[in-house]
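**Q** Chain residues, written in single-letter form:
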Amino acid sequence: MLQLQKVSLEIQGDIDFEILKNINLEFHEKKIYVVTGPNGGGKSSLAKTIMGVYNPTSGQILLDGIDITVKNITDRARLGIGYAFQSPPRFKGIKVKELLKMAASHNPEKVNICDLLYDVGLCAQDYLNRDVDTSLSGGEMKRIEIATVLARNLKVAVFDEPEAGIDLWSFQKLAETFKNIHSKYDTTIILISHQERIMELADEIIIMSNGTVSAQSERDIILAGIMNNDSCACSAKCVKGVGQNAECVG
Amino acid sequence: MLNALDKLMLEKVADLHEIPQGAFNIRKNGAGVQRNTTANIDIVTKEDKSGIDVIIKPYTKGESVHIPVIVTEENINDVVYNTFEVGEYSDVLIVAGCGIHNSGHHKSQHDGIHTFFVRKGAKLKYVEKHYGQGDGNGERVLNPKTIIEVEEGAVVELELIQIKGIDQTKRDTEIRLMDNAKLVVTERLLTYQDQEAESNITVELLGVDSSAQIISRSVAQDDSKQTFYFDLIGRNKGRGHIQCDAIIMHNAQVLSTPRISAHHSEAQLVHEAAIGRIESEQLIKLMSLGFSEQEAEDTILNGFLK
Chain A
1 MLQLQKVSLE
11 IQGDIDFEIL
21 KNINLEFHEK
31 KIYVVTGPNG
41 GGKSSLAKTI
51 MGVYNPTSGQ
61 ILLDGIDITV
71 KNITDRARLG
81 IGYAFQSPPR
91 FKGIKVKELL
101 KMAASHNPEK
111 VNICDLLYDV
121 GLCAQDYLNR
131 DVDTSLSGGE
141 MKRIEIATVL
151 ARNLKVAVFD
161 EPEAGIDLWS
171 FQKLAETFKN
181 IHSKYDTTII
191 LISHQERIME
201 LADEIIIMSN
211 GTVSAQSERD
221 IILAGIMNND
231 SCACSAKCVK
241 GVGQNAECVG
Chain B
1 MLNALDKLML
11 EKVADLHEIP
21 QGAFNIRKNG
31 AGVQRNTTAN
41 IDIVTKEDKS
51 GIDVIIKPYT
61 KGESVHIPVI
71 VTEENINDVV
81 YNTFEVGEYS
91 DVLIVAGCGI
101 HNSGHHKSQH
111 DGIHTFFVRK
121 GAKLKYVEKH
131 YGQGDGNGER
141 VLNPKTIIEV
151 EEGAVVELEL
161 IQIKGIDQTK
171 RDTEIRLMDN
181 AKLVVTERLL
191 TYQDQEAESN
201 ITVELLGVDS
211 SAQIISRSVA
221 QDDSKQTFYF
231 DLIGRNKGRG
241 HIQCDAIIMH
251 NAQVLSTPRI
261 SAHHSEAQLV
271 HEAAIGRIES
281 EQLIKLMSLG
291 FSEQEAEDTI
301 LNGFLK
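Those protein sequence lines, which keep their order, are chains A and B.
If you count by UniProt numbering, then the first sequence holds residues 1 to 250, one letter each, in order.
If you count by UniProt numbering, then the second sequence holds residues 1 to 306, one letter each, in order.
Rather than coming from a laboratory, the hints here were simulated on the basis of the structure.
Beta carbons: idealized from backbone N, C-alpha and C, even for Gly.
Keep in mind that the hints are not guaranteed to be accurate.
[Stated by the list, open to error] Some but not every residue of chain B turned toward chain A, in silico, with C-beta under 8 Å:
1. I163
2. K164
3. E279
4. E281
5. L289
6. S292
7. G303
8. F304
[As the list claims (entries may be wrong)] Covered by chain B, per the in silico footprint, the following chain A stretches (three or more residues, Cβ under 8 Å):
9. 23–37
10. 182–192
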């Protein structure tokens, strides 16, 4: 189980900005969580804080009861946390099969790299020997990124907008893949997404806005709430046509 | 006879574990020590100056020529002129490399001046690896010059690699392409400590529909300095592309000057040049797969220079 206790994250600059505010969350084994909410609400920051890319300003993060708050990215990875980037980096001179082998290198189970590519909707023979560089499209990169996380034996797998840039056909394959992991393994899956079809995979949905958890509940309850609520998720009351001050003049 | 050190240097510069099959000429400390020729490939010592002529008969297919040079003593200044005649419609691999082991306090230097005539329809892959070692403070210096004439329809693939231990290098490469000739140059360079490297590559597209691609990747570490000049000249209808990337670390300096000049309205020339640090996102990605920061950095650099 992954627990976030009173986690806050502040970015310091000319003006200090609190990205995550006193977050309390529990993610249990063998469950799928979808984190959703408006852009800028803190979803990706939450994912990066779980992976150790950001260190929380205050609060604690526990994995199976062990405090991992001060552990770095490598340590957390070795403890079984994985993270699929929203915009994955590219590597000149590294082939798809090499990257996937690196990803699988700490997995005690034998991993079939070709099957991994199949699970994300890519033909192994077309991709194994391609370089992970700018010759790949955004959607191809994204699917390879997801495959690197699937290659690992994880306690907690975080996917940051896995559906972004992925075509309809591959999307279907991907959804099946998440369902398969869910039925076969005990991995806690955290999906950051705006897609209704991804939300349908969830056991629980968490809505984040303005750096806080504004709602968390079983999928159907949250989905019903979202569908019935046509107002925006702005921090203050906001009505079109009302803003008349100088900032609004184009 | 070759000793254990000689064999190690041969492995580093020519991937040779044993005496090679086919034609070869091994030069050690300024003199030829071993040579083999085949029915199709002759190697002849030059009479007017130091060096050899390698003559490959037309239609020779699938054969290789290894001409490694090893320098294992200090205070050597070896200048050698080699000429290669690659016959029409042949298809061969030439591996030239230079390994310097200098454990003394004086400079060891080897300057190889190589001239190639790649005849009509021939295919040549030319690999040149440079490697240095030795615990003395004597400098290891390599200044190669390579001139290649690529005749009609011939294809040349060039791999120029300097990965370790050369304190100073100035590499000049000049290539001229005739009708339908094709060229791919891959350059890989790593410098560290206070090493200095300069590489000048000039390619002239002289014939109709010739094409050239130059891909240069380098890593500059510590206080080292790298200077690149790429000059791609389109004198006829043809295509050329220069792509040079450098990763810069610590206090290193990299100067890269790509130049393209067209003298014909159907010459299509492109250059791309980039210098930058290792992207933090790349490090984070590999660390999130369980690599330490150092392992992640090594993996990124090894891939980049592969």
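**Q** Does each hint fit the structure? Answer for all of them.
**A** To see whether the hints hold, each was checked on the structure:
no.: 1; hint: I163; in the structure: violated (13 Å)
no.: 2; hint: K164; in the structure: violated (17 Å)
no.: 3; hint: E279; in the structure: holds (6 Å)
no.: 4; hint: E281; in the structure: holds (4 Å)
no.: 5; hint: L289; in the structure: holds (5 Å)
no.: 6; hint: S292; in the structure: holds (5 Å)
no.: 7; hint: G303; in the structure: holds (4 Å)
no.: 8; hint: F304; in the structure: holds (5 Å)
no.: 9; hint: 23–37; in the structure: violated (count 0)
no.: 10; hint: 182–192; in the structure: violated (count 0)
In summary, the numbered hints that this structure violates are 1, 2, 9, 10.
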